[in-house]
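*Asks:* Next come the chains, spelled out residue by residue.
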Amino acid sequence: MIGAGHAGLATSRVLGERSIDHVVLERGEVANSWRRERWDSLRLLTPNWQARLPGHRYDGDDPDGYMPMAEVIAFVSRYAAVSGAPVRTQTAVTSVTAVDGGYRVGTERGEIACRSVVLASGACNSAAVPALRAAVPDSVACVTAFDYRNPSQLPDGGVLVVGASATGVQLADEIRRSGRRVVLSVGEHVRLPRIYRGRDVLWWMEASGVWNQRYDEIDDLTRARGLPSPQLVGTPEHATLDLNTLAAAGVELVGRLSAIRDGRALFSGGLRNLFALADLKMDRLLDTFDEWVSEGARDAEVGPRERFEPTRVPFSSPLELDLRRGEIRSIVWATGFRPEYGWLHVPVLDHKGHLRHDGGGVDAPGLYAIGLPLLRRRKSTFIIGAEDDARDIVTHLARYLDQTSNRGASRA
Amino acid sequence: MAEKKTVEKRLRNGVNVGALLEAREALKKAPQAAKFKWRASCKWQNGTHSSTKVKGFHGLGEEQKHKTEFTFSADHPEIFASEDLGATPVEYVLVGLASCLMAGVAAVAENRGIKLRSVEAKLEGAMDIQGILGIDSDVRNGFDDVKVTFNIDADATKKEIEALVAQSQKRSAVYDIVTNPTNVTVVVA
Chain A
11 MIGAGHAGLA TSRVLGERSI DHVVLERGEV ANSWRRERWD SLRLLTPNWQ
61 ARLPGHRYDG DDPDGYMPMA EVIAFVSRYA AVSGAPVRTQ TAVTSVTAVD
111 GGYRVGTERG EIACRSVVLA SGACNSAAVP ALRAAVPDSV ACVTAFDYRN
161 PSQLPDGGVL VVGASATGVQ LADEIRRSGR RVVLSVGEHV RLPRIYRGRD
211 VLWWMEASGV WNQRYDEIDD LTRARGLPSP QLVGTPEHAT LDLNTLAAAG
261 VELVGRLSAI RDGRALFSGG LRNLFALADL KMDRLLDTFD EWVSEGARDA
311 EVGPRERFEP TRVPFSSPLE LDLRRGEIRS IVWATGFRPE YGWLHVPVLD
361 HKGHLRHDGG GVDAPGLYAI GLPLLRRRKS TFIIGAEDDA RDIVTHLARY
411 LDQTSNRGAS RA
Chain B
389 MAEKKTVEKR LRNGVNVGAL LEAREALKKA PQAAKFKWRA SCKWQNGTHS
439 STKVKGFHGL GEEQKHKTEF TFSADHPEIF ASEDLGATPV EYVLVGLASC
489 LMAGVAAVAE NRGIKLRSVE AKLEGAMDIQ GILGIDSDVR NGFDDVKVTF
539 NIDADATKKE IEALVAQSQK RSAVYDIVTN PTNVTVVVA
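From first to last, the protein sequence lines are chains A and B.
What the first sequence shows, in the working numbering, is residues 11 to 422, in sequence order.
What the second sequence shows, in the working numbering, is residues 389 to 577, in sequence order.
Quick caveat, the hints were computed from the structure, so don't treat them as lab data.
Incorrect hints may appear among the rest.
[To be verified] Cβ-to-Cβ under 7 Å is the rule here; a few derived chain B residues that face chain A:
(1) 499
(2) 529
(3) 569
(4) 570
(5) 571
(6) 572
[Claimed, not checked] In silico EDC-like cross-links for lysine to aspartate or glutamate, where the CA-CA straight-line distance does not exceed 20 Å:
(7) B:510 - B:541
(8) A:362 - B:457
(9) B:441 - B:472
(10) A:362 - B:479
(11) A:291 - A:319
(12) B:431 - B:457
(13) A:362 - B:532
(14) A:362 - B:526
(15) B:558 - A:272
(16) B:546 - B:508
(17) B:510 - B:457
(18) B:425 - B:541
(19) B:441 - B:479
(20) B:558 - A:330
(21) B:547 - B:508
It should be emphasised that the depicted structure is a prediction, and the values quoted were computed from it without experimental measurement.
Even for Gly, the Cβ is constructed at its ideal location relative to N, Cα and C.
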């Protein structure tokens, strides 16, 4: 196992249930990304009662709340302890090479030979920043969502936030609250209300079965895997954080950042269509929920049917912003994250650097992945999604070990 | 796309720059009259074939119309399993850019007293169709590069000709439309 985050630990637990010998290699500490690579105010998007891993679940007194990072770290660390996961911390993997009969894993603390490797190193190892960043004038500070911690880190003055995923809307909101001018560049986005018909929208995703939709049932898997995270935030107030909320708070919405030319940021004029698409898709999802309610005669369990105001088109939306004029002093790139596989010396990446895998079975014998977007189900990257994926993958892995082992040979 | 301008007797290049300059002065005093609306109406024919008509427009404070109605057929080529009954829409973009820059070169030359003998332009728009086919969301739908090559024979130095072409781009509506973002609203009536 490479990585002791929730996905790696869940898989380790299931391997342990089947008495499959393994070690979990962790570059830092358990839940390392949660400890070091997230902004200060972040809370989980999922309500606490959805914090469920094989043999472990949230048992605090706020099941409908959303954990701040300190609680997530404690939750995952406790899981590692109660599971007795064989974690080797401070053991960064430096290479994985295919050898006869398995893999040789180089680490900072020596080599390990094994028959099978599970990559649980996460989907968010570095910030994905578009190439046009190179054209940003030197006078404007650039921060990625990966490096961002809180607004005090940014120079005084206006901020351009690029990207309207969960990350982008949360950072735009927080930076705006710090009293700055915030311009939010909006590309394709996924709009969701926090609460629908009296229930958390992620309750709906699970209960209605949408989250269980499998990767092999999805028409355009590449597109679905690349979708930005939904515009959600976990707050004690269960607040919805969509573009209407942000606009009302004074965040200026502009179109997708299409170029930076002569120090001027140019924004697409297609903002209306992106709003229309996100509104239509949200309504379609809510229709799915409503159908599920009608089919199961569950009306008594939920509130009355509701629809939300369409995203308001700004009265005027500038198509360009002169970055040299001093109004915008920093840019926060909330343009997504990507996994890093520099140490993976097995030819399993496509021309865009994505892992080639079929539902977590990587395109090399005995090599598996877990914890990637829509790996096997829509819920794959959420904590609650780890168990089903881990069980499927371990079932496959166990069969692989049985088929390839000489009778009586020990499993490694 | 290539177009030739020949010398007229009264005007060097056949562009009535005097009238254009008079209009400019008049519109400075009545800026409302400078607000134009250009129109086109498109009708689906069959498959990817459509027919777009251009006749009326609005300007100088009232409805105007072309002397005749112009019709443009657009389609996709046979390699896209279409019938190829017209140029592709993206080729019409090149047509627009070419003819706009060409008109600009002629007008600027007229204004600068440069006699044009022949002007030709070749245009090429590069496009990775993985974008429109939805193969790779990182690839944009539109042109990723547009190249225009002018061949100009005129009574002028190379530097003067380069300045003509530069000024033509500076005052070109289509050049601006292609190079800068534009708000677009599409509604279902």
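*Asks:* Does each hint fit the structure? Answer for all of them.
*Replies:* We went through each hint and held it up to the structure:
Because the smallest distance between the Cβ of residue 499 (chain B) and any Cβ of chain A comes to about 27 Å, over 7 Å, the interface hint for this residue is violated. Taken as an interface hint, residue 529 (chain B) does not check out: its beta carbon lies about 10 Å from the nearest beta carbon of chain A, beyond 7 Å. Restraint check, residue 569 (chain B) versus chain A: the minimum CB separation of about 4 Å is within 7 Å; hint holds. Because the beta carbon of residue 570 (chain B) sits about 5 Å from the nearest beta carbon in chain A, less than 7 Å, this interface hint is met.
Because the beta carbon of residue 571 (chain B) sits about 4 Å from the nearest beta carbon in chain A, less than 7 Å, this interface hint is met. Because the smallest distance between the Cβ of residue 572 (chain B) and any Cβ of chain A comes to about 5 Å, under 7 Å, the interface hint for this residue holds. Distance hint between residue 510 (chain B) and residue 541 (chain B) is fulfilled; the C-alpha atoms sit about 15 Å from each other, no more than 20 Å. For the hint pairing residue 362 (chain A) with residue 457 (chain B), the CA-to-CA distance comes to about 49 Å; that exceeds 20 Å, so the pair is violated.
Restraint check for residue 441 (chain B) and residue 472 (chain B): satisfied, since their Cα atoms lie roughly 19 Å apart, inside the 20 Å limit. Note on residue 362 (chain A) and residue 479 (chain B): the hinted pairing is violated, with a Cα-Cα distance of about 30 Å set against a maximum of 20 Å. Restraint check for residue 291 (chain A) and residue 319 (chain A): the C-alpha separation of about 14 Å stays at or below 20 Å, so the hint holds. Taking the CA atoms of residue 431 (chain B) and residue 457 (chain B), the gap is near 15 Å; set against the 20 Å cutoff, the hint holds.
Taken as a hint, the residue 362 (chain A) and residue 532 (chain B) pair is honoured in the structure, with Cα atoms around 19 Å apart against an allowance of 20 Å. Of the pairs offered as hints, the one joining residue 362 (chain A) and residue 526 (chain B) holds, with about 10 Å between alpha carbons and a cut-off of 20 Å not exceeded. A distance of roughly 15 Å separates the Cα atoms of residue 558 (chain B) and residue 272 (chain A); the hinted pair therefore holds under the 20 Å criterion. At most 20 Å may separate the alpha-carbon atoms for a hinted pair to count; residue 546 (chain B) and residue 508 (chain B) meet this at roughly 15 Å.
Of the pairs offered as hints, the one joining residue 510 (chain B) and residue 457 (chain B) is violated, with about 27 Å between alpha carbons and a cut-off of 20 Å exceeded. Taken as a hint, the residue 425 (chain B) and residue 541 (chain B) pair is broken in the structure, with Cα atoms around 35 Å apart against an allowance of 20 Å. With a C-alpha separation of about 17 Å, the suggested pairing of residue 441 (chain B) with residue 479 (chain B) holds against the 20 Å cut-off. For the suggested pair residue 558 (chain B) and residue 330 (chain A), the alpha carbons sit about 18 Å apart, so the restraint of at most 20 Å is met.
In summary, the hint linking residue 547 (chain B) to residue 508 (chain B) is supported, as the alpha carbons are separated by about 18 Å, within the 20 Å threshold.
Hints 1, 2, 8, 10, 17, 18, counting from the list given before, are not met by this structure.
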